[in-house]
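Peer 1: Listed below are the residues making up each chain.
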Amino acid sequence: MLIKKPFAVKPSEITDRSVYMNRRKFMQTTSGFFLAGISSLVTAKTSEQQQGAGLAKLDYQATAAYSTDEEKTPYQHVTQYNNFYEFGTDKYSPAHEAQSLTTRPWSVTVEGEVAKPGTYTLEDILKPHALEERIYRLRCVERWSMVIPWIGFPLADLIKRFEPTSRAKYVEFTTLHRPEEMPGQKRRVLDWPYVEGLRMDEAMHPLTIMAVGLYGEVLPNQNGAPMRLVVPWKYGFKSIKSIVKIRFTEQQPVSAWTRTAPHEYGFYANVNPGVDHPRWSQARERRLGEFLKRKTLLFNGYADEVASLYTGMDLSKNY
Amino acid sequence: MSLSHIQFVKLVLFVVCLIPATVLGWNFYHDQLGANPFEALTRESGEWTLRFLLATLLMTPLRGVLHQSWPLQLRRMLGLYSFFYACLHLLTYLWFDQFFDWQEITKDILKRPFITVGITAWILLLPLAVTSTNSMMRRLGRRWKHLHRSIYLIASLGVLHFLWMVKADLREPLIYAAILLILLGYRVTKWWQKRAFSIAARQ
Ligand code: HEM
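Protein chains in written order, with the numbering used here: chain A, 2 to 320; chain B, 2 to 204.
Hints listed in this document are in silico derivations from the structure and should not be mistaken for laboratory results. Treat each hint with caution, since some may be false.
Below, simulated PhoX-like cross-link-like pairs (lysine-lysine); rule was C-alpha separation at most 20 Å, straight line [to be verified]:
| no. | chain 1 | residue 1 | chain 2 | residue 2 |
| --- | --- | --- | --- | --- |
| 1 | B | K168 | A | K92 |
| 2 | B | K168 | A | K187 |
| 3 | B | K195 | B | K146 |
| 4 | B | K195 | A | K318 |
| 5 | A | K294 | B | K108 |
| 6 | A | K296 | B | K146 |
Put together the whole structure using the sequences plus the hints.
Peer 2: This is the structure in structure tokens:
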């Protein structure tokens with residue numbers, strides 16, 4: 002099918018300004034995605050479309066050590082069913098509303114307890130990092146889950162470049178606040194801008210990545226373009242999207258969801274079948290595309306890698 | 002033999018009320034309910050339950066405003082359709098959410114306030130559906146009217162159930178709440194007017 006053809010960009014062009022600054026190409030990409038979205042509505046049954054939507058291709062290596070070999074959630078579900086309240090609270094609205102977001106130029110402000118604070122362009126941020134594919138499970142706090150082939154790089158590698166001081170105990174991330182382009186921000190559903198945080202050892206953990214793509218292509222806007230966090234052992238809302246600020250702090254940051262409902266969403270938000278959400282059980286989940294529900298796994302199945310981060314902690318108190 | 006006017010209207014309404022269920026079933030069968038079709042079934046059937054409850058409650062004010070009797074003749078069917086969609090909604094929960102694991106279901110009902118409220122509303126609907134026939138109406142007389150006033154509570158519980166379920170965005174349930182307030186407000190106003198009138202008449 003014509004519109005499913007990958008957009009002709011050389012893989013090496015990911016950090017090349019021309020991909021992003023070229024308005025015409027950008028429009029083509031966007032409209033290509035839009036058409037793919039519409040065509041998938043018409044042909045929803047043929048879910049073999051696993052190859053993305055024709056966004057710019059990325060150059061990356063597969064990292065088998067950290068990837069699951071479970072069946073991947075089809076591209077159109079990953080990109081058309083997700084929460085991104087900046088574009089509306091319905092799970093189908095980000096795919097439509099996010100098309101108008103401009104992600105170039107983009108810069109990220111780094112501040113707080115670091116030797117090298119400053120405002121970095123996205124190109125500067127990405128340049129030194131080789132991209133890898135990480136196929137991770139994603140478990141939403143709403144009891145559904147996906148398997149997503151992210152493209153990104155370890156957050157630890159990025160953090161080291163800013164040289165955090167010994168006082169840096171936590172990292173706080175902030176999402177873009179631009180109500181003109183993010184219609185969901187016109188209503189105070191959450192206390193904008195969206196903020197998330199990690200303890201330093203969580204941020205430095207090899208499983209934690211900054212993602213710039215999925216299914217081999219750059220991130221569609223609705224999935225957090227141009228750069229988002231992915232922390233696979235925590236509920237999805239911890240993996241903050243469209244990041245514009247990274248702040249290193251001594252104090253524990255207060256996440257957007259914690260601010261909204263502190264008794265429901267804590268700082269850690271580790272996936273845990275034994276600790277229920279006050280309004281629903283977290284024991285099971287529906288993997289999208291499956292009929293029977295699966296048992297939710299402690300730390301979303303990454304306990305071997307991350308359980309040691311929390312030894313001695315009461316996980317039901319530190320939810 | 003020909004249908005009377007109201008019989009014809011009832012027949013049309015009967016078919017129209019089946020449209021949401023048909024469309025939902027069709028879309029489910031053709032995999033058109035998005036990434037999470039089971040969630041969509043529960044949510045859609047829940048919303049239609051609430052819509053039918055509100056439509057049922059609209060009939061009395063409609064009669065008052067239009068000064069016609071036909072709205073009351075459609076009320077029973079709308080009420081029964083509320084029950085029909087509530088049963089579908091409950092079934093999707095019992096099946097796709099819990100897979101008929103009765104122990105889990107009991108725990109869920111006791112633990113999650115929004116489920117407690119939902120099941121209460123459904124249980125309260127049962128006697129209304131059972132006593133909806135003409136003969137039951139005759140047999141119960143005045144008590145029928147009292148019993149069926151619980152529809153006000155049921156609709157309120159439905160709205161509360163929705164409000165309680167939502168994560169952060171209360172807009173949609175609040176719209177339903179506003180509609181319900183108007184419908185109940187109409188009755189309160191009428192009641193006040195009647196009372197004031199009867200007090201005045203006694204003086
Ligand atoms: C008169 C009775 C009821 C009414 C009017 C009602 C109405 C609703 C409404 C409006 C929604 C939200 C739909 C949406 O998000 O668009 C909903 C969701 C839901 N209701 Fe009900 N409901 C009723 C009874 C029940 C019962 C008896 C149960 C189960 C025991 C139940 C379980 C649920 C569940 C599980 C959800 C979906 C939650 C989710 O998707 O996270 N409801 N209901």
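Peer 1: The structure should be examined with respect to each hint, and the outcome stated for every one.
Peer 2: Each hint tested on the structure:
no.: 1; hint: B/K168 with A/K92; verdict: holds, 13 Å
no.: 2; hint: B/K168 with A/K187; verdict: holds, 18 Å
no.: 3; hint: B/K195 with B/K146; verdict: holds, 18 Å
no.: 4; hint: B/K195 with A/K318; verdict: violated, 56 Å
no.: 5; hint: A/K294 with B/K108; verdict: holds, 17 Å
no.: 6; hint: A/K296 with B/K146; verdict: violated, 48 Å
Hints 4 and 6 from the list above are not met by this structure, while the remaining hints are.
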